[in-house]
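Novice: So you can see what is in the structure, the chains are spelled out below.
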Amino acid sequence: AQSVAQPEDQVNVAEGNPLTVKCTYSVSGNPYLFWYVQYPNRGLQFLLKYITGDNLVKGSYGFEAEFNKSQTSFHLKKPSALVSDSALYFCAVRDSGKAAGNKLTFGGGTRVLVKP
Amino acid sequence: GAVVSQHPSRVICKSGTSVKIECRSLDFQATTMFWYRQFPKQSLMLMATSNEGSKATYEQGVEKDKFLINHASLTLSTLTVTSAHPEDSSFYICSADPGLLNTEAFFGQGTRLTVV
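So the sequences go chain by chain: A and B. According to the working numbering, the first sequence holds residues 163 to 278 in order. According to the working numbering, the second sequence holds residues -13 to 102 in order.
The set of hints was computed from the structure by calculation and includes no laboratory data. The reader is advised that the hints may include incorrect statements.
Pairs of lysine-lysine residues, derived as DSSO-like cross-links and limited to a Cα-Cα distance of at most 27 Å, are as follows [what the hints assert, rightly or not]:
id : chain 1 : residue 1 : chain 2 : residue 2
1  : B       : Lys27     : A       : Lys211
2  : A       : Lys239    : A       : Lys277
3  : B       : Lys6      : B       : Lys27
4  : B       : Lys27     : B       : Lys0
5  : A       : Lys277    : A       : Lys231
6  : A       : Lys239    : B       : Lys52
7  : A       : Lys184    : A       : Lys277
8  : B       : Lys52     : B       : Lys0
9  : A       : Lys211    : A       : Lys265
10 : A       : Lys184    : A       : Lys265
11 : B       : Lys0      : A       : Lys265
12 : B       : Lys27     : B       : Lys52
13 : A       : Lys231    : A       : Lys211
14 : A       : Lys211    : A       : Lys239
15 : A       : Lys277    : A       : Lys265
16 : B       : Lys27     : A       : Lys239
17 : A       : Lys220    : A       : Lys265
18 : A       : Lys265    : B       : Lys27
19 : B       : Lys52     : B       : Lys41
20 : A       : Lys220    : A       : Lys239
21 : A       : Lys265    : B       : Lys52
22 : B       : Lys41     : B       : Lys6
23 : B       : Lys50     : B       : Lys0
24 : B       : Lys6      : B       : Lys52
25 : B       : Lys27     : A       : Lys277
26 : B       : Lys41     : A       : Lys184
27 : B       : Lys6      : A       : Lys184
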């Protein structure tokens, strides 16, 4: 079975400061990892993904994430947060093994609040 | 990115009536569509997996006779909440999957259902 943990329900950061949203995962095979962002009463928007290759992945809106296999982590980062980054962030994992199907498993979500 | 259109975005219905929610992939063929339910300040709960031309696979605890899913074509899946009750009030989100494990899923805008 695959699972995702986002240990922080909420992250508060001042505008201009670095932002980190933590994510750890568990899969039986190799992981495909995704980050999505959700604004109020909206669906999820794709930010970035790790499939293979370089452990540092760059995505939309200045976000990046680092895949760490030994720590089974995929933390989302942004060097300088904006007030408009305030939203709900979800980490998700998919097992690369075909037998697992293409079902995504989501973490519980982390609310980011960026204060001016 | 690819576009998934979900309609309606908001609906209010009376107890006992049925509500249909549509999910369309506008620029790609979705072999699989997923339906999620999201409670306030919580993560997405997968309700069912819908494959074109076959019966949906429901997650444990989801009533298939209450939440009818039809995936009639590679671009359209519908979720019908039958005999709705106030406890069915929630935010429902669909996602469409191009069918490749290393490709991100694309999400609709969500539907806010209120049963009065």
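Novice: For every hint, state whether the structure bears it out.
Specialist: These are the hints, each one checked on the structure:
| no. | hint | in the structure |
| --- | --- | --- |
| 1 | Lys27/B - Lys211/A | 24 Å, holds |
| 2 | Lys239/A - Lys277/A | 17 Å, holds |
| 3 | Lys6/B - Lys27/B | 24 Å, holds |
| 4 | Lys27/B - Lys0/B | 25 Å, holds |
| 5 | Lys277/A - Lys231/A | 33 Å, violated |
| 6 | Lys239/A - Lys52/B | 41 Å, violated |
| 7 | Lys184/A - Lys277/A | 19 Å, holds |
| 8 | Lys52/B - Lys0/B | 15 Å, holds |
| 9 | Lys211/A - Lys265/A | 15 Å, holds |
| 10 | Lys184/A - Lys265/A | 21 Å, holds |
| 11 | Lys0/B - Lys265/A | 33 Å, violated |
| 12 | Lys27/B - Lys52/B | 24 Å, holds |
| 13 | Lys231/A - Lys211/A | 15 Å, holds |
| 14 | Lys211/A - Lys239/A | 13 Å, holds |
| 15 | Lys277/A - Lys265/A | 35 Å, violated |
| 16 | Lys27/B - Lys239/A | 22 Å, holds |
| 17 | Lys220/A - Lys265/A | 24 Å, holds |
| 18 | Lys265/A - Lys27/B | 22 Å, holds |
| 19 | Lys52/B - Lys41/B | 15 Å, holds |
| 20 | Lys220/A - Lys239/A | 10 Å, holds |
| 21 | Lys265/A - Lys52/B | 22 Å, holds |
| 22 | Lys41/B - Lys6/B | 17 Å, holds |
| 23 | Lys50/B - Lys0/B | 21 Å, holds |
| 24 | Lys6/B - Lys52/B | 12 Å, holds |
| 25 | Lys27/B - Lys277/A | 20 Å, holds |
| 26 | Lys41/B - Lys184/A | 37 Å, violated |
| 27 | Lys6/B - Lys184/A | 37 Å, violated |
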